[in-house]
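Trainee: Sequence:
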Amino acid sequence: MAAAGAGFRLGQRVHAAGDPRRSGTVRYLGPVDGHGGDWVGVDWDGGAGGRHDGSLAGRRYFAAAGERSASFARPSALSAGIALPDALRLRYRVDDFTKEEQDEMYVFSTSQKRVSVELVGTNKVRDKLKNFDELSCASVSFMGVSSAGSPEELQGLVPNLRQLDLTGNLISQWQDIFSLCQALPSLEVLDLTNNTMENDFVESPLLKNIRVLVLNNCGVTWELIEKLKVPFACLTDLHLIWNKLNIITTPVGNFVQGFDTLRLLNLEDNHIVSWDEMVKLSYLRSLEQLHLNKNKIKHVRYPYNLPSSGSLGDVAVPAFEKLQVLLLGSNEIEDFPSVDSLNLFPSLMDVRISDNPIADPAKGGAPRFVLVARLGNVKILNGSEVSARERREAEIRYIRLVMGKAESSDPELLKQLHPRFAELKAFHGIEDEKPTSRMSGPQKMASGLISITLKCVGPSMGEKQPLTKKLPPATTVGKLKSLCESFFKLKDIKLRLFLEEEQGCPLPQLLEEETASLVELGIGTGATIIVDEES
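Here my numbering is used: the sequence shown runs in plain steps of one and ends on residue 539.
Please keep in mind that the hints were generated in silico from the structure rather than gathered at the bench.
Small disclaimer: the values here were computed from a predicted structure and weren't measured.
We put the CB at the ideal spot given by N, CA and C, even for glycine.
Each hint can be trusted.
Subject to a maximum C-alpha distance of 27 angstroms in a straight line, what follows is the list of computed DSS-like cross-link-like pairs (lysine-lysine):
1) K231 to K212
2) K248 to K298
3) K459 to K483
Pairwise CB distance ranges (calculated):
4) S190 to A21: 32 to 42 angstroms
5) E517 to R26: 46 to 56 angstroms
6) G368 to E489: 22 to 32 angstroms
7) G257 to A21: 42 to 52 angstroms
8) E389 to S490: 30 to 40 angstroms
9) K409 to S455: 13 to 23 angstroms
10) E71 to E416: 50 to 60 angstroms
11) D359 to N203: 23 to 33 angstroms
Could you put the whole structure together from the sequences, leaning on the hints where they help?
Mentor: If you want it as structure tokens, here you go:
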């Protein structure tokens, strides 16, 4: 079979000759009915890019991942790739840089974002890159790298390399990865994004130098991750985006063990549905950041009643003891108990729950001020810092909201629905409204009005002085728009209303829900509403 495929083997990673970005896996070697010569059946990455599903003219040769992800190619139309040292020479040892090569040259910032190299003094840069021993950061992305090459050659070529980007290449065997990590003792950051890695290996060395490992879209399973924690015992950052992970398997006990130095675990854009799977990570002793954006999580609960197996040595520790950052954006969270449970995480300060039903007022979720008030320890919410002033105003608005809705007079039920309400009310010194039996009729009605300031800012509305009006708390957003048309004598202009959160705040809150009342939005006396026109 190997001879028929001109040196290719089943399971080998290849790319189209002349196009390293079009890669796939060899699934068949041999003849094709009705066509002479040798053929290689390739299942192309991405579930597309082919002509069929591995069957042709009624005969199945192999099963492809997609309905049109497979095709047959002549061996000469495919490339088995090149070794890493050759790719480094091709990328960096040149007499002149093409525009495309300049665009692909970058370094990593401290937050691991790509920052393009500004080629100021091209000759100086070229001279420096000719001295490969000075190269500390390198990218050979999409260059068809299929092996580490000779360890001695690699070490002699780039002895001081600290960061290596191998995105979109043909590497699949872990022995190649172990070999290059051993050959480069200074290497700390390794990015293997878009390399289809095998999910097993026989033996491995201890690689204490690697601190950051990126395995995004590598087809890895958690079973493999459990094995990788042995060679990569000193990892601080592990990125596992786009791997269709949904289950955390634990070989021993109910919790993931090891990874003693891991501070950041990125599981974004996987298929995680159950928070119970994340509870298995409760006792990663150094974990500070857990990224779970773009999954399918519906509920979050703090695991405060876990069994004693969560102890470290003889000392019992709380679950997620050091977790400071929890990113849950773009999931399916829709209940307040999930929000309230975040208060139980001992060290949590940075939370993202944007693009969840619970955080979308248009879908019946809560506006930002409610989330700020319910999350007492959070200092950063949805990427924005919660200032002391914002927290105070949000908590007071939230108290007004709860008091205005008066869902129940039962203290226990109120505590269940609004766990922080009594605490916040006492902290801000807000008393319950006392009934005024002596008032009646117009006096009683007037005492319940709230005073708000209206600012008209639309460019086609003309210059208008702000107005202060007393309105019933039950006034809806839609009704307030109609009143503003009358107050400011506006005709044929579609209005938008914004709540000015703070003086000078660049992002006031848009009041979108027409049927929401002022009291439901937590708007009380002293609030300022900005009246603008739709663009």
